[in-house]
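Q: So the protein sequences, as listed, match chains S and P.
Its first residue numbered 1, the first sequence is counted upward by one per residue in the numbering used here.
Its first residue numbered 1, the second sequence is counted upward by one per residue in the numbering used here.
Worth flagging that the hints you see were computed from the coordinates, not collected in a lab.
Where a beta carbon is used, it is the ideal one built from N, C-alpha and C, also for glycine.
Honestly, I wouldn't trust all of these hints.
What the hints assert, rightly or not - Keeping only pairs whose Cα atoms sit at most 16 Å apart, straight-line, the calculated EDC-like set for lysine to aspartate or glutamate is:
| # | chain 1 | residue 1 | chain 2 | residue 2 |
| --- | --- | --- | --- | --- |
| 1 | P | K247 | S | E253 |
| 2 | P | K173 | S | D173 |
| 3 | P | K107 | P | E249 |
| 4 | P | K103 | S | D107 |
| 5 | P | K235 | S | E283 |
Unchecked claim - Which stretches of chain S does chain P cover? Using the computed rule of at least three CB atoms under 8 Å from a CB of chain P, they are:
| # | region |
| --- | --- |
| 6 | 158 to 172 |
| 7 | 198 to 206 |
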Amino acid sequence: MSVLLLAEVHNGQLLKDMLARTLTAIAPLGQADVLVTGQNCKAAAEEASCLKGVAKVLIGDDATLAHGQAEPLAALIQSLGASYDHIAAGATTFSRNILPRVAMVLDVMVLADVTHVLDAETFERPVYAGNAIQTVQSRDRVKVFTVRTAAFSPSGMREEGTAPVESVPVPADPALSVWVEDKTIVSERPDLTSAKIIISGGRGLGSEDNFHQITLLADKLGGAVGASRAAVDAGYAPNDWQVGQTGKIVAPELYIAVGISGAIQHLAGIKDSRVIVAINKDEEAPIFQVADYGLVGDLFTLLPELTGKVG
Amino acid sequence: MKILVPVKRVVDYNVRVRVRPDGSGVELSNVKMSMNPFDEIALEEAVRLKEKGVATEVVVVSIGVPQVKDTLRTALAMGADRTILVHATDDVNQDIEPLAIAKILAKIVDAEKPQLVIAGKQAIDNDMNATGQMLAAALGWGQGTYASAVEIDEGAVLVTREVDGGLQTLRLKLPAVVTTDLRLNQPRYVALPAIMKARKKTIEEIDLAALGVDSAPRLTVLSTVEPAKRQAGVKVHSVDELISKLKNEAGVL
Ligand SMILES: Cc1cc2nc3c(=O)[nH]c(=O)nc-3n(C[C@H](O)[C@H](O)[C@H](O)COP(=O)(O)OP(=O)(O)OC[C@H]3O[C@@H](n4cnc5c(N)ncnc54)[C@H](O)[C@@H]3O)c2cc1C
Ligand SMILES: Nc1ncnc2c1ncn2[C@@H]1O[C@H](COP(=O)(O)O)[C@@H](O)[C@H]1O
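Please work from the sequences and hints to get the whole structure.
A: Below you can see the structure in the form of structure tokens.
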């Protein structure tokens, strides 16, 4: 059995935690060859070679791979893919953009958001915003899938030595897309998909200014900041903070939802949190049906009080 | 410029889906069905491009059961010029996999020759998030997924994408495939009279067999179960009580 695992690199930085969690998730399939791509990504490849579960690291280093565009990346994976039984990646916008393209060129199906690898051809994944869990068996020659990583712990470091690192040839760029710009916010806060504590704000915050109260509490607790779709749509928070069915799937130790009603689509993203706290003035809000601790009242008095008293 | 918009008929996003007690799938009889929300956004974008004079024709295609015609009528009411139903099955419980959908759509593209396909980023029933990317691969076109802004510019389309770290802008050579994210636009509200009027328009029908696409599923669903339920917890009455519970009971602070 052989697995090709696509790692994610931004500006030379390996998303190591994501890779380490994915390695844990796919461990039932054995060790994996990890593909590290980008421009000047040698250091990232070396970092990957220290992780447990890595058989070897392949580097695709080329200017055409610098911005994660799907077309050149799929061409690269296609050139490597035929000899693998599995091609996988942690479920992120990066991999979900690329792997279906890879699957099509290999004429196989793709599975999004696998939550459990049962055996080489059997996988568990949620459908209908997590309201049903399917177990599916694949008849495809190569199984292509993305994994939801938040609920897995990172695989850890190898006990000794590092995995071999080798370069792979990068096919010519199909030149179908040109990168124009990235508008990414580099934050000191922990990443939503690996944070131990998350404070999320919803429409109840009422304005971008008020949303600051969420970030204040998050900073005090060393947590990440999340948001509901309504808060993002209203411009209180950036799009990459959205938690839910069509945003980020999280599984922190502590999730505090403030001014969030608890729509199905939001709950889909937080179900695996260990402890959920809800602060909402409406005691009938559906969020209270999943909250371990519910506090009914006005967030504008409760939130500052909480921020003042913790830590 | 012709734009093709593939739309899927799915369980309405407000419906709380139930798993059938025998584990054979989810309950689809007598539940409200609607156009996939991301596809409404895709169609809205296409119609706006037509209203701006950038697009000349908006063609909507849906693959599935004959009841999909209801969804296509909504599409006509929203401003689609023509609609195509690819009749693929009579069984409402049969979900056709994105691989097959993409191959079928590629055939429609061959026939219709659009310059742009705008699809949804994800169908909210199977949550696959795959078809647009697969279609782009099948056609050998560029792809701009998770779009929050789309602008046509001299033989290219500029797509701003919602990605994990923020936003990314790509310039794609036309023809291309774009998939929509939630913030691309706010779809217009269609009033009932417009839907009634759309009833008079014809829907082109194509039988899947005529397209020569192998749509046999690659995946077998072994079981469908309800997720583990979270128990509702307790209400606390003050911030102090909350902090004390989080510290002493849950041990998370
Ligand atoms: C296709 C699709 C995908 C979606 N994907 C997502 C997703 O990924 N993530 C997501 O979050 N949503 C998603 N949604 C949207 C979802 O359906 C809800 O509309 C959204 O989650 C609501 O956000 P909210 O809870 O902040 O707002 P609301 O539902 O408006 O709730 C606001 C809450 O704040 C409370 N409140 C107001 N003022 C105060 C106050 N002063 N003190 C205390 N409480 C107060 C109110 O009681 C209320 O419960 C999606 C929808 C669709 C159709
Ligand atoms: N049966 C279908 N008919 C037409 N379009 C579809 C169908 N299934 C999926 N699509 C399109 O592909 C997008 C993504 O679906 P999916 O890959 O299944 O999550 C949808 O938003 C639609 O635009």
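Q: For which of the previously enumerated hints does the structure constitute a violation, in increasing order of number?
A: Those not satisfied are hints 3, 6 and 7.
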